[in-house]
Amino acid sequence: MVNALETGVSSKPGRFVLAAGIGLGWHAASKLLRLMLALGLAALSLLSIEFLLEPLAELGLVYKLHQDIGGASLATLSLLGAIAAGRVVQQQIRPVRAGASPAHTQLAGRIVRENSRAAAGLVALGDKQVLFSDAGDAFLMYARRGRRFVVLFDPVGPRAAWPQLVTKLLKEAKACGCRVAFYQVSPDFLPVAADAGLRLFKLGDQAIVDLHRFDLKGGDWLKLRRSINRAERDGLEFSIVPPAEVAGLLDELAYVSDVWLAHHKAGEKGFSLGTFQRCYLCAHPVAIIRLEGRIVAFANILTTETKQDAFIDLMRHLPGTHRGMMDLLFVKIMLHLKAEGYRQLDMGMAPLSGLSARPTAPLWHRLGRLVYENGERLYNFKGVHAFKAKFDPDWQPRYLAVSGKREALPAVVDTALLISGGVRRLVRR
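Using this note's numbering, the first residue of the sequence shown is number 136, and each one after it goes up by one.
Mixed in with the good hints there might be a few duds.
As the list claims (entries may be wrong) - Listed next, the in silico DSS-like pairs over lysine-lysine satisfying Cα-Cα at most 30 Å (straight line): (1) K473 to K442; (2) K303 to K540; (3) K337 to K540; (4) K358 to K467; (5) K442 to K352; (6) K473 to K358; (7) K337 to K309; (8) K525 to K352; (9) K467 to K352; (10) K337 to K525; (11) K525 to K473; (12) K400 to K525; (13) K442 to K525; (14) K467 to K442; (15) K358 to K525; (16) K352 to K540; (17) K306 to K540; (18) K337 to K303; (19) K306 to K400; (20) K306 to K337; (21) K525 to K467; (22) K309 to K540.
None of these hints come from the bench; they were simulated from the model.
Model, not experiment: these values are computed from the prediction.
Using the sequences provided together with the hints, build the complete structure.
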């Protein structure tokens, strides 16, 4: 990913104080200081959005913040945040609790394979806790950030087990003095959220490609056909590597990954984004593109035994290789999955898309829509949506579920900190 924010505070300690002061100061008790910190939290929230863009942000569809904020303003906000955070800072920036045990991760993996949500395979990263239903046939995955449990996706398993799982987690969080946020839940989760007294805030729309109807015939697909034909004429070659053969390519894949990370001056993320772990990559097929015999791009594909759903997770490529490389990669993956009998491909979320533009819409929608329509200098929201729209997906809403309206922005920041690996890594990007 590209850097999300370039500030007037040049020192790394200054940036750390900024993030700690602004983001964590929200949790301080003083209402006056909360009001003073509102602008600071908004700035950190914008910084956080980059880490909520899901894997397609890796395609370079995110813009840098082009206009620096004055150093004096940031210093003032940092000081206010530090004062307001006070004694809670040390508690809030403590390391995230370790992930699930290997045995729990293995059991969760079995449940994923037997169900239809391939993206739930992210549980294998090992950076999340796993809570199982009493019957052991369902689970939800979450990570703890300070005094918040952040749950990733809907529960996995029979829907009849969802209410009991949510109640169980809420009780566990309450016993620890923590709040709970559910990140990227689907409309299927809405009845459970309502029964639990949670409020929903739309995050964006998920792009789901119906592989049964996907093809490249007709005039609507002319531009995409030209792009991939040009890529193939220029020597790009696509292939799928089965899991059993991935190990032999790990060194080449690692080189591509390292170059990509260095180019973007980025470190590995986590939580809702895949990371380069050798065992993790060897568990699923990997799509690769070669140019003159060497690997120039790859993506691992999460699947389930039901073949209802597939999910493109970790994507890395050598920058500047070819303009049509990503078009070729996605189209070929879709055609391969279609031939294998898969029903749909989950392309991830287009953030802030699909929010209501009505004057009477809730404040969350109006603010989100304002950023979406006018924030191209900050982030290429429309570009992310447009890239996915090329493949004619069905758009399904995704939500953040929290206990109250005041919890939404702090939950977004906490989620971004989980994905980035902490305040220090978030701000120095």
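State the violated hints by number, sorted upward, taking the hints as numbered earlier in the document.
-> Result: hints 16 and 19 break, sorted rising.
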